[in-house]
Amino acid sequence: MLSLEAVEKIVHTHQGRHLALKNIHLEVEPGEIYGILGKKGAGKTTLLRCVHCLESIDTGSIMLDNSPLTHLPEKTQILARRAQGMVFAEPLLLSSRTVYQNVELALENMGDKKKDRQEKVVEALQMTGLQDKALCYPKELTLGQQYRVSFARALVNQPNIVLCDDITKNCDARTTHGLLKLFRELNERYHFTIVLATDAMEVIKMVCHRVAILHQGEMVEHGEVSGIFAHPKTDIAKEYVKSATRLEMPNALRRRLKSQETDHTYPVLRLIVDNNAGQEPFIAHAVQQFELTMNILQAHLEAIRDLHLGIMIAELRGKKNNIQSAIAYLEERGLHIEVLGYVL
Amino acid sequence: MFYEMLHALEETLFMVLTAGILTLLIGIPFGIYLYLLSFDQKLWHKTIYRMLFTVTNLASTLPYFVLVILLIPLLRILFGTEASVSSAILTLALATIFPFSAEIQRALNALPIGYNDLARSLGFSRVRWVMKVSLKEVMPVILPRYAQQLNQLMGYSVIAGVFGAGGLGGLLIAKGYQNFEISYVVATVLLVFLLTQVIRLSVQYFTHDQSH
Chain Z
196 MLSLEAVEKI VHTHQGRHLA LKNIHLEVEP GEIYGILGKK GAGKTTLLRC VHCLESIDTG
256 SIMLDNSPLT HLPEKTQILA RRAQGMVFAE PLLLSSRTVY QNVELALENM GDKKKDRQEK
316 VVEALQMTGL QDKALCYPKE LTLGQQYRVS FARALVNQPN IVLCDDITKN CDARTTHGLL
376 KLFRELNERY HFTIVLATDA MEVIKMVCHR VAILHQGEMV EHGEVSGIFA HPKTDIAKEY
436 VKSATRLEMP NALRRRLKSQ ETDHTYPVLR LIVDNNAGQE PFIAHAVQQF ELTMNILQAH
496 LEAIRDLHLG IMIAELRGKK NNIQSAIAYL EERGLHIEVL GYVL
Chain B
-2 MFYEMLHALE ETLFMVLTAG ILTLLIGIPF GIYLYLLSFD QKLWHKTIYR MLFTVTNLAS
58 TLPYFVLVIL LIPLLRILFG TEASVSSAIL TLALATIFPF SAEIQRALNA LPIGYNDLAR
118 SLGFSRVRWV MKVSLKEVMP VILPRYAQQL NQLMGYSVIA GVFGAGGLGG LLIAKGYQNF
178 EISYVVATVL LVFLLTQVIR LSVQYFTHDQ SH
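Chains as they are written, first to last, in my numbering: chain Z, 196 to 539; chain B, -2 to 209.
Accuracy of the hints is not assured; some may be wrong.
Said to hold, decoys possible - The list that follows gives simulated cross-link-like pairs (lysine-lysine, BS3-like), each with its CA atoms no further than 30 Å apart:
no.	chain 1	residue 1	chain 2	residue 2
1	B	LYS129	Z	LYS309
2	B	LYS43	Z	LYS328
3	Z	LYS364	Z	LYS217
4	Z	LYS270	Z	LYS234
5	B	LYS43	Z	LYS270
Honestly, the hints are just simulated from the structure, not real lab data. What you are looking at is a predicted structure, and each value in this text was computed from that prediction instead of being measured.
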């Protein structure tokens, strides 16, 4: 388990000193994919570099499986780094070496026998689907394959945890998709714990179990990805969710929408239904029971890892009291409901 | 004439190749040393680096002719005279070691900055990383530069003839310049041209083999 406690890091720039990481508390459980979400300069890379002992922190502590990773002498730092696999934002392959030799480089200082080394490299290449590229040179590979080599290099030492910097920022959609599939496979089949930095909510949505959102070095929100999707608390989280889903209200509706309730208005709701709540037709029940009419304005299904969220925007017409009771009824049964506004 | 030419060719080849090997043997370690030293944060090492860097830069820009004249007192102490093959070899080597080291340092510096993090991530010390990885990585850049240096050496060795070092340069001075025997001039010029082409092509072949 990786845990960060009250981690702070001060960076000195020519404009003076500022906090690159502010009071970060984080726990990554074994076997999960943990996402670090943040814009450029939010501190994602710095966070990973601190965990990987490439940079020191100023206060707080970082522990991996109950051994500290901070304030270590150089010798111990090297050992600590070997227990982790790091995938940098660029593939960083050596052009004078074949794929096989590039991967083998990570075993160079380990003192393994040649035969053991060969076994490990072949295994790592198989995990990343590169078995038939072993003798190629990096130049001959696509970007996606290059990243796979960089992955194999990080995995070959059988690390406890794999840190992965924002690799998808250089990739097109198809390459990203392929790499994310690889992430899930490595996690599900080989049980690697992965910490993944990215600035795309799409990436988080597809692979991560949990996520922490960084903003200017501060952790503004963290938790289960589905939870953050269903009800983001901070503006920054809301922005991200909006960017990754089609939760936008239709323009025509937005113009009609009023923020104040009067006697003649009806509420417009956003209803979010997850897997569990979706097993029985609660909405239909509520509409019948409270004698309402429901006008669905927009609806779609959002896939978050294995969870499906049904999201819809709907107008509820009926008696005021009944509407209130219906909302209460539905909330009781696990639906997330938000009143967006009122229409005549 | 044939034997004269052959003898001169032999002398030139000896001078150029010996100086060329010295350039490799001293230039590469010195270039690596400069590169490694440039990262060192200790004040004392920084001072050494500044000094070596300045010397390298000055020596790289000094014309060969001026270098020999500057070195004459030293050559007289070491070899008794500046007009010998061994003193020519020393001046030739000194003329190419510094620019070649500077090329090595430049090539190492031009590698992606991310490699430094990668090296640390994989548990390499800086020295080991340069020896095992970076050096091989910069070879495709370094080898053509080395060919350039060898061709420079050919040119310098002809100038060395002026100072009495013999070789093709010496022949050219003695027969071509002083007696104006046109056949010698043509023959030496052709030979020098041929040699530089052989060097260029062989290195080109070698680099092509290296970069896949």
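Do the hints match the structure? See the list:
1. LYS129/B <-> LYS309/Z: This hinted pair holds, its Cα atoms lying about 17 Å apart.
2. LYS43/B <-> LYS328/Z: Not satisfied, since the Cα-Cα distance of roughly 45 Å exceeds 30 Å.
3. LYS364/Z <-> LYS217/Z: 25 Å, holds
4. LYS270/Z <-> LYS234/Z: 34 Å, violated
5. LYS43/B <-> LYS270/Z: Measuring from Cα to Cα gives roughly 25 Å; hence the hint holds.
Consistency note: the structure conflicts with the earlier hints numbered 2 and 4.
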